[in-house]
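A.B. asks: Residue numbers (the numbering used here), protein chains in the order written: chain A, 2 to 243; chain B, 2 to 243; chain C, 2 to 243; chain D, 2 to 243.
For the record, the hints were derived by calculation from the structure and aren't laboratory data.
It is possible that some hints are incorrect.
Unchecked claim - Dumping the calculated DSS-like pairs for lysine-lysine here, alpha-carbon to alpha-carbon at most 25 Å:
#	chain 1	residue 1	chain 2	residue 2
1	C	K108	D	K108
2	D	K42	D	K25
3	D	K108	D	K42
4	A	K108	B	K108
5	A	K24	A	K42
6	B	K25	B	K42
Only a predicted model underlies this, so the values are computations on that prediction, with no experimental measurement involved.
Number of protein chains: 4
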Amino acid sequence: MAHLDNSVAIVGAGDYIGTAIAKKFASEGYLVVAGRRNGDKLEPLVAEIEAAGGRISARSLDAREPEDVTAFLAEADALAPLALTIFNVGANVNFPILETTDRVFRKVWEMACFAGFVTGRESARLMLEHGEGKIFFTGATAGRRGGNGYAAFAAAKFGLRAVAESMARELWPRHIHVAHLIIDAGVDTEWVRERIRQAGGPDNPPGLMPPEAIADAYWQLFQQPETAWTFEQEIRPYGETW
Amino acid sequence: MAHLDNSVAIVGAGDYIGTAIAKKFASEGYLVVAGRRNGDKLEPLVAEIEAAGGRISARSLDAREPEDVTAFLAEADALAPLALTIFNVGANVNFPILETTDRVFRKVWEMACFAGFVTGRESARLMLEHGEGKIFFTGATAGRRGGNGYAAFAAAKFGLRAVAESMARELWPRHIHVAHLIIDAGVDTEWVRERIRQAGGPDNPPGLMPPEAIADAYWQLFQQPETAWTFEQEIRPYGETW
Amino acid sequence: MAHLDNSVAIVGAGDYIGTAIAKKFASEGYLVVAGRRNGDKLEPLVAEIEAAGGRISARSLDAREPEDVTAFLAEADALAPLALTIFNVGANVNFPILETTDRVFRKVWEMACFAGFVTGRESARLMLEHGEGKIFFTGATAGRRGGNGYAAFAAAKFGLRAVAESMARELWPRHIHVAHLIIDAGVDTEWVRERIRQAGGPDNPPGLMPPEAIADAYWQLFQQPETAWTFEQEIRPYGETW
Amino acid sequence: MAHLDNSVAIVGAGDYIGTAIAKKFASEGYLVVAGRRNGDKLEPLVAEIEAAGGRISARSLDAREPEDVTAFLAEADALAPLALTIFNVGANVNFPILETTDRVFRKVWEMACFAGFVTGRESARLMLEHGEGKIFFTGATAGRRGGNGYAAFAAAKFGLRAVAESMARELWPRHIHVAHLIIDAGVDTEWVRERIRQAGGPDNPPGLMPPEAIADAYWQLFQQPETAWTFEQEIRPYGETW
Numbered sequence: 002m003a004h005l006d007n008s009v010a011i012v013g014a015g016d017y018i019g020t021a022i023a024k025k026f027a028s029e030g031y032l033v034v035a036g037r038r039n040g041d042k043l044e045p046l047v048a049e050i051e052a053a054g055g056r057i058s059a060r061s062l063d064a065r066e067p068e069d070v071t072a073f074l075a076e077a078d079a080l081a082p083l084a085l086t087i088f089n090v091g092a093n094v095n096f097p098i099l100e101t102t103d104r105v106f107r108k109v110w111e112m113a114c115f116a117g118f119v120t121g122r123e124s125a126r127l128m129l130e131h132g133e134g135k136i137f138f139t140g141a142t143a144g145r146r147g148g149n150g151y152a153a154f155a156a157a158k159f160g161l162r163a164v165a166e167s168m169a170r171e172l173w174p175r176h177i178h179v180a181h182l183i184i185d186a187g188v189d190t191e192w193v194r195e196r197i198r199q200a201g202g203p204d205n206p207p208g209l210m211p212p213e214a215i216a217d218a219y220w221q222l223f224q225q226p227e228t229a230w231t232f233e234q235e236i237r238p239y240g241e242t243w
Numbered sequence: 002m003a004h005l006d007n008s009v010a011i012v013g014a015g016d017y018i019g020t021a022i023a024k025k026f027a028s029e030g031y032l033v034v035a036g037r038r039n040g041d042k043l044e045p046l047v048a049e050i051e052a053a054g055g056r057i058s059a060r061s062l063d064a065r066e067p068e069d070v071t072a073f074l075a076e077a078d079a080l081a082p083l084a085l086t087i088f089n090v091g092a093n094v095n096f097p098i099l100e101t102t103d104r105v106f107r108k109v110w111e112m113a114c115f116a117g118f119v120t121g122r123e124s125a126r127l128m129l130e131h132g133e134g135k136i137f138f139t140g141a142t143a144g145r146r147g148g149n150g151y152a153a154f155a156a157a158k159f160g161l162r163a164v165a166e167s168m169a170r171e172l173w174p175r176h177i178h179v180a181h182l183i184i185d186a187g188v189d190t191e192w193v194r195e196r197i198r199q200a201g202g203p204d205n206p207p208g209l210m211p212p213e214a215i216a217d218a219y220w221q222l223f224q225q226p227e228t229a230w231t232f233e234q235e236i237r238p239y240g241e242t243w
Numbered sequence: 002m003a004h005l006d007n008s009v010a011i012v013g014a015g016d017y018i019g020t021a022i023a024k025k026f027a028s029e030g031y032l033v034v035a036g037r038r039n040g041d042k043l044e045p046l047v048a049e050i051e052a053a054g055g056r057i058s059a060r061s062l063d064a065r066e067p068e069d070v071t072a073f074l075a076e077a078d079a080l081a082p083l084a085l086t087i088f089n090v091g092a093n094v095n096f097p098i099l100e101t102t103d104r105v106f107r108k109v110w111e112m113a114c115f116a117g118f119v120t121g122r123e124s125a126r127l128m129l130e131h132g133e134g135k136i137f138f139t140g141a142t143a144g145r146r147g148g149n150g151y152a153a154f155a156a157a158k159f160g161l162r163a164v165a166e167s168m169a170r171e172l173w174p175r176h177i178h179v180a181h182l183i184i185d186a187g188v189d190t191e192w193v194r195e196r197i198r199q200a201g202g203p204d205n206p207p208g209l210m211p212p213e214a215i216a217d218a219y220w221q222l223f224q225q226p227e228t229a230w231t232f233e234q235e236i237r238p239y240g241e242t243w
Numbered sequence: 002m003a004h005l006d007n008s009v010a011i012v013g014a015g016d017y018i019g020t021a022i023a024k025k026f027a028s029e030g031y032l033v034v035a036g037r038r039n040g041d042k043l044e045p046l047v048a049e050i051e052a053a054g055g056r057i058s059a060r061s062l063d064a065r066e067p068e069d070v071t072a073f074l075a076e077a078d079a080l081a082p083l084a085l086t087i088f089n090v091g092a093n094v095n096f097p098i099l100e101t102t103d104r105v106f107r108k109v110w111e112m113a114c115f116a117g118f119v120t121g122r123e124s125a126r127l128m129l130e131h132g133e134g135k136i137f138f139t140g141a142t143a144g145r146r147g148g149n150g151y152a153a154f155a156a157a158k159f160g161l162r163a164v165a166e167s168m169a170r171e172l173w174p175r176h177i178h179v180a181h182l183i184i185d186a187g188v189d190t191e192w193v194r195e196r197i198r199q200a201g202g203p204d205n206p207p208g209l210m211p212p213e214a215i216a217d218a219y220w221q222l223f224q225q226p227e228t229a230w231t232f233e234q235e236i237r238p239y240g241e242t243w
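Only chain A is shown next, with the shape it has when bound in the complex (with noise of 0.2 Å):
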């Protein structure tokens, strides 16, 4: 598969990585298909990328609940045979642990590993059908380690990276290329800068990721032959401290 009569299925596509992802596979000649809560937010993007030239098919998704998600996927398919399925639904925050509700928990988990088990369920039903796929996740490194403050985003990171992991191991010898992708630094977002401007950071911070850059990590990985795949890779500007 891989060719262009292919379509690639975002969900989670938010105003920066996931509108790179879009925009980066619209220009590369996949039919992009972008889900995200309050679906209107898409209609920019799709303006843009359909006046570039690109194909775009846009609505609202609330990725926590499974039936939309199943929908929106053979919705995607129906359109054109799923080739790529990118999960990029965040929920960071950061609570001490007596501030950290049960209800916090339970949503941010919903949102970021959840959500992320059932697109990543549906999405394999699908490519088995077609016999190849793939399917990568957004990761952070709240994946990996449990920092102080933040009991609810690292326990929906680290669950989202062992759901990865364990579907890697079963689908890959069935020809799809599960991953994930680990983004080691602030993204170049308005509310980040916003966050670091508080916290008395300068007007332009440098170490910010570019959303664009996030695109080419993910078509790198789309780009790789069968016969060797990544499962983790981290990225990281070359100014942030590690």
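Please build the complex by placing chains B, C and D on the supplied structure of chain A, with the hints as guidance.
C.D. replies: For chains B, C and D alone, coordinates are given in the frame of chain A:
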């Protein structure tokens, strides 16, 4: 603290590991407070510990219900200041990814991760009042490796490990020892022996870890001075392949 | 940099991986500078690359001799500014611990670790002058796991990984991309095929990684923008059990 | 074994950790056999242990000389069957990569890795004759993380960890407990205190680990039943940031 006017709470006082832990800490003089589903199953344990001159309080506990966990720990602390909580709820399942239902994924997480988070947080709330305490979590190899067929179990166990690590970073400086004990072996239980028999294995398989050895490992962790604490410790039998 | 007036140095240009890397980078227009023991064995590679219109300079190199490595890299940099060094010296051996002699342990380390350290340091010395560059190390699973019988090989490969990581932390902020590529599979070489045959395996074993796929992986790393560099990447064939 | 007619050999019986280990095992009734460079520096330790009623044999030892190590361990085993060897040679240095000379890189490796390999192998040779024994290695955080400026030290410590892990996989099934204890903190030594003072730190810095706590951790490892052995254990003070 850590003298004999203290209680030790066991969340998930099952037939094997939990029982062995209860006997060990009771034999060392602590008041053991044991909770599990179907608390009436604890009656033989209570009888055995009391016959040996130990002290134990046992009752039914659904660790997935935060209010029940809060009450259980408060009761323990009221009986005698809570020196140690051990979270020992298991939920091992194995399914191919397509057969891993939403319900199973969620339930395993509620038992092995969410319940651990609540147990940890509520123990910390009590122990921070005392200015000291210990919170230990029973982990498994699946907390570090997402094996084929273990998406649900590994996601929960990875998540539990994240909770433990995040709590350790926050609470160690406040004199609360949070640790994660990884059992990298089959535990010698009737259920495990039956699975081995069904798989064509021997009636008396080598390489199973006796529950008493796990209790001893917890006792060692409990004895560590705060100048040299361990966060994560992995134990396996000498003959286990790893 | 990274335009076509640059050289790419390969330390350990063996018959398989090194050869594939040389062909790839020569085909992309770079001047390849290849070194290995018994440099006359490089004659067919030189002929093949030149016949295809590429540029290559080849010579004998004992990577365990620091002065030889320094001279080799200086020669490469004099031919054209050094954009990339790939360290690709292998030394896989397996002995029970009691049969692992001092001499073997030391020699494997000199080849797979010490030579890598010298290659990295001397490359950095040249690249820091240019203000940029890339240094990649070929790693193995034995760099993360000390297997039974691999005390010598794993000690060397662990050490190489430590060198790479330490250099990455120091040199990334100075625009030098240091990376460690882990090959988690048998490479498709005549030697590996022979070992498989001797172990009773098939004449045409599945699951071997073609050297060309490794060269492609290095090419991908080489293409990464400095806003999203990878330090460590692991590749294995889709059918490999891990 | 492990009764009181046994010897415990310490390779690298330095002023702090090694000394504390010697006192601990002597106080538990074992015959301690201690080696270090400049063995005459061991005289006060010998006097102290003997004054307390303990037994110790001390002498000069260059752990980088295999024949010296072999003789040292044979002497220990001749005095009383060797129950435990602890390898405790350190070699911490920090240099920018360009200033890390071949000589330093090689010497640090000879002290911290090669000597450990020889010590482990020669101990195993004796213990396999007894059918049991224990071999413990003192590790450091640099055995898991290649920090900026630590190419030489990390390469050696990574290598030591690889040796320990490889030996553990081979020797555990033969009843020899091989373990790796990671000290993730500054040890409370005069040298460390001086470095902290020079860096502008306090005269009485918090967060240093007392050597006695390390000795206690080794004692705990020594006590583990073979049904529940630990390969790797990390210890740090409660207040340490990690």
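A.B. asks: Taking 25 Å as the top limit, are the C-alpha atoms of A:K108 and B:K108 close enough?
C.D. replies: holds (15 Å)
A.B. asks: Given the hinted pair C:K108 and D:K108, is their alpha-carbon gap at most 25 Å?
C.D. replies: holds (15 Å)
A.B. asks: Has the given pair, D:K42 with D:K25, been kept, meaning a C-alpha gap of at most 25 Å?
C.D. replies: holds (19 Å)
A.B. asks: Does B:K25 pair with B:K42 here, judged by a C-alpha cut-off of 25 Å?
C.D. replies: holds (19 Å)
A.B. asks: What's the verdict on A:K24 and A:K42, does the C-alpha distance respect the 25 Å limit or exceed it?
C.D. replies: holds (15 Å)
A.B. asks: So if I understand the rule, the pair passes when the alpha-carbon distance is 25 Å or less; does D:K108 with D:K42 pass?
C.D. replies: Holds - the C-alpha atoms of D:K42 and D:K108 are around 22 Å apart, at most 25 Å.
When each numbered hint is compared with the structure, no violation occurs for any of them.
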